[in-house]
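Quick note, the sequences are listed as chains Y, R and D, same order.
Residues in the first sequence are numbered from 5 upward in steps of one, following our numbering.
Residues in the second sequence are numbered from 359 upward in steps of one, following our numbering.
Residues in the third sequence are numbered from 734 upward in steps of one, following our numbering.
Check before you lean on any hint, since a few could be wrong.
Counterexamples of contact, computed for chain Y against chain D with all Cβ distances above 10 Å [what the hints assert, rightly or not]: (1) Asp57; (2) Thr94; (3) Ala241.
Here are the simulated DSS-like cross-link-like pairs (lysine-lysine), alpha carbons at most 30 Å apart as the crow flies [said to hold, decoys possible]: (4) Lys252(Y) with Lys858(D); (5) Lys934(D) with Lys468(R); (6) Lys468(R) with Lys432(R); (7) Lys858(D) with Lys432(R); (8) Lys436(R) with Lys1062(D); (9) Lys1062(D) with Lys467(R); (10) Lys934(D) with Lys199(Y); (11) Lys540(R) with Lys568(R); (12) Lys432(R) with Lys1062(D).
Don't read these hints as lab results, they were simulated from the structure.
Where a beta carbon is used, it is the ideal one built from N, C-alpha and C, also for glycine.
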Amino acid sequence: MIEGIILHGILSSCTFALLASGFTLSYGVSGIINLTHGAFFMIGTYFYSILLDVFSISIPAEFSILSLILPVIASTILTGIVASIYYRLTLHQILGDELATLVVSISGCIVFQQMIYLIFGSLWGMQLPVPELLSGNITIWNVSISYSRVLAAVTSFCLFVALWLLIATTKTGKAMKALSQDHEAAMLMGISTEKMYMLTAAISAGLSSIAGVMIVSSTTRVGSAIMWLQPLAISFAIVVLGGLGSLKGTLVGGLIFGFSRTIVELTVPLGGAIVDAVPFLILLCVLVVRPKGLFGKRVEMED
Amino acid sequence: MHLLEVENLTKRFGGLTAVGNLSFYVDAGEIFGIIGPNGAGKTTLFNLITGYLKPDSGKIRLNGEDITGLPPHKIANKGLARTFQIVRPFRHLPTIANIIVALNSPRGKKKIEWIKTAERKAMEMLEDVGLSEMMLEPAENLSHGDLKRLEIARAMALEPDIVLLDEPFGGLSPIETEYMVKSIQRMHLDGYTIVIVEHKLQALMRLIKKVMVIHYGEKIAEGTPEEIAENQKVIEVYLGKAI
Amino acid sequence: MVVKYLRKAYTNFATYIYDIPPRMLALLLIMIFALLPMTRALDSSTLMMLRDASVMAILAASWDLLVGRTGQMSLGHALFIGIGGYSSALLFMHFGWPVWMVIPVSMLAGAVVALLIGLPCLRVKGSYLALLTLAFPLLLERAVYYFRDVTKAEEGIPPPPRLPAFFQGLIRLDARIAEYYLTLSLMVISAIILYKIANSKRGMVFVSILDDELASKACGINVTNYKLLAFVISGLFASLSGCVAVYISSFANPSFFGIRWSVLPLVVTIFGGIGTIYGPIVGTYIYYFLDMYVFRKIINISEWHYFGLTWEYATFLIFILIVIIFILKWPRGIARAVVEKLEDLEEARPIEELEQKMAKAD
């Protein structure tokens, strides 16, 4: 039992942390709380499912592993492009106006949602069948876990680390860090906010999209036009738990989220139904005591 | 018993000590001035006294009662009102409504004598500062000088035991400054205790009998305007060390 | 006093266009709505549309009080529809309570939930609060599925009998028309109450919180309590909305408090004029008119299948796109833009008259 909790907890924490990392990046660098984060989760997954069909037809059987990897990469890039266009057209115009940003981003979510309805026409929309390559389970410590879950978790972890390295070492990453710490000083240093914001929007959407592919293809396997709401709520919960604007905090938040979910799911009878509620209750308690979250950089309360 | 007593007040922000071990007191009926170079900690001091910041150590007493760490609205209701350095009117409300809001607080409600309504009382306050023509204008249409007067009227609506004015002369023209000086003098004659933080020393020195000088969050001098003007430390702080 | 200011704006609008004082205008509109069914110009589906619009108008107005007047953003108002709806459906299904008992209790449930949620959440501001509120309808959904024996989850609870029998018998009206009047009167009453609250002295305090919380605190106002008050009042009326919705149309199942009903008040309020209370109401009717009447009846959009797309879902999309464009062009809302434009015109009037006089004198 304990092994199951630990394993499943770690596995889900990885993917959730990846999901939330985009959200925290977007806030940290551009100060925008981007409600469309969940929408890109959804769009990425839809792109993936379409491309999966496209690629599996056109790639010969020997390279079938590519038919899995290419759609992931392609859908991520596509989502990133959509995100930067969306950002440039809308959020960029109203930077600093908090109400307008909220309205526009939630409206953007609905726009994407309705567009999915428009194109796919029904409530359900998308199915992701298990690819043959990834079927089957692996047994660790007497716990049977599906390959796809392990792969998803490992990939997410690697990407999270890659993001961390990006921010810590590359010039672009340092520019992002600078923007998150002191906006004006960064501008004075010659960092172009316009470009950086667009890039951040693209990267965070890309992260969200991969997280979407990972999470959906290893768990529920179905998508719908309204699947953007949950990832958004989850990202928010994780980021608040760990503190807005801090990657370290996002990791911690992801762990808390993943583990609390797993514990409830595996121990409480019928726990599966309320699995999502538990982290939120934790979040509410944290908020009452410490609105900054555990590692928060910016104070979100007055005074 | 002093009306306002500040004892060993300290506030640190990270490594910076904004206010360090500051003590002073104000007696009823006084006009007390606080001056000091920019960044000396004057506004932080105000924020600490009025409850917007919590001190790291020290005590603040109003009428003998310990108000350290109380939230701003409770402090206001106990009789300590303030104005803000950068005016903070309620933009979407008409001028008179700005005052009526203050009259909706527990203390404000008590201050409306039983025959009058809130509107009547608010109109009186506006008359006191000469803004009654602007009664129905949304506050966002008022000029800077008018807004400064509105700030004061709003603070006075609570009939506070002591009122803290944060740079009341900021951005005022000479005529407006003169008007403000007269308003403050009238407030003093009515019996109000006033503490003023100000940069415009000429205007300030006409009003106050006692002044405290702050530098880097610490009190470096206290006394009458004449004493302060001759104090060596004060001159150094404002003009730099003599070569 | 705020009434006078808003009336000034509204008067500019009304007198410039209609030359009628605004109170008369409102009364006129209510009379038109009241007499509409008598003219037999409306068929069943239009009556249903107006009925639904009335119910949602209550929701929108309650949202506006909280967001437009007090400045506390809520993206989860659908929660209250769920609370109101489920409480009334459950009370009827399990205990058989009559309408006049169910409605007040549902409203109370909404108020209590608002209080419980508000206590931890209203401490944070702006976007943080918005995201928190976003999560609550999800939590309710989880709760509904968890207690599925009681709530029958997706299957839903069938709506209670359309209207209390005696009401129907008394007026001897067709059920649809009776519903129409019932919802219309509820809307009018709620609108009047909300409007009066918004323009009372309490309402002024709400606006002071919207404008400058710190200054409000300096005036001795317990800002936290007022925020809670606004939230509770909002929850009260929003759950009334949900309660009535269950009676007239929906099965009480999780989809009837979906994200759409959280975004609709937002969209409709921006469109109609944020903070006005009457603006969202007008906006709701316009939305329903566009969606149900123009798109479905006149253009018959459900039949469209150009490009293989299901255009039926386009109506909401179009409305949202319009809102996005409006926000980008007029960040302070179109009602303000319209009012400002009219004030400019109003000021220009005397000059035009003067020019005309001078032209005549030549």
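With a cut-off of 30 Å on the C-alpha distance, tell me whether Lys468(R) and Lys432(R) pass.
The hint holds at about 15 Å.
Going straight from one Cα to the other, do Lys540(R) and Lys568(R) come out at no more than 30 Å?
Holds. Lys540(R) to Lys568(R) sits at ~18 Å (cutoff 30 Å).
Does Lys1062(D) lie within 30 Å of Lys432(R) when you go C-alpha to C-alpha?
violated (42 Å)
Beyond 10 Å from chain D, beta-carbon-wise, is Ala241(Y)?
The claim breaks: Ala241(Y) does not keep its Cβ more than 10 Å from every Cβ of chain D (closest is about 7 Å).
Given pair status - Lys432(R), Lys858(D), alpha carbons within 30 Å
holds (21 Å)
So if I understand the rule, the pair passes when the alpha-carbon distance is 30 Å or less; does Lys934(D) with Lys199(Y) pass?
violated (48 Å)
Straight-line alpha-carbon gap Lys934(D) to Lys468(R), limit 30 Å:
This hinted pair holds, its Cα atoms lying about 15 Å apart.
Non-interface claim for Asp57(Y), where every Cβ of chain D lies beyond 10 Å
holds (16 Å)
Chain D versus Thr94(Y) - minimum CB to CB distance exceeding 10 Å, so not interface:
violated (7 Å)
For Lys252(Y) and Lys858(D), compute the direct alpha-carbon distance and say whether it is at most 30 Å.
Holds - the C-alpha atoms of Lys858(D) and Lys252(Y) are around 24 Å apart, at most 30 Å.
Proposed proximity, Lys467(R) with Lys1062(D) (alpha carbon, max 30 Å)
It is violated: about 43 Å lies between the C-alpha atoms, which goes past 30 Å.
Please verify whether Lys436(R) and Lys1062(D) have alpha carbons no more than 30 Å apart.
violated (46 Å)
Of the numbered hints listed earlier, those contradicted by the structure are 2, 3, 8, 9, 10 and 12.
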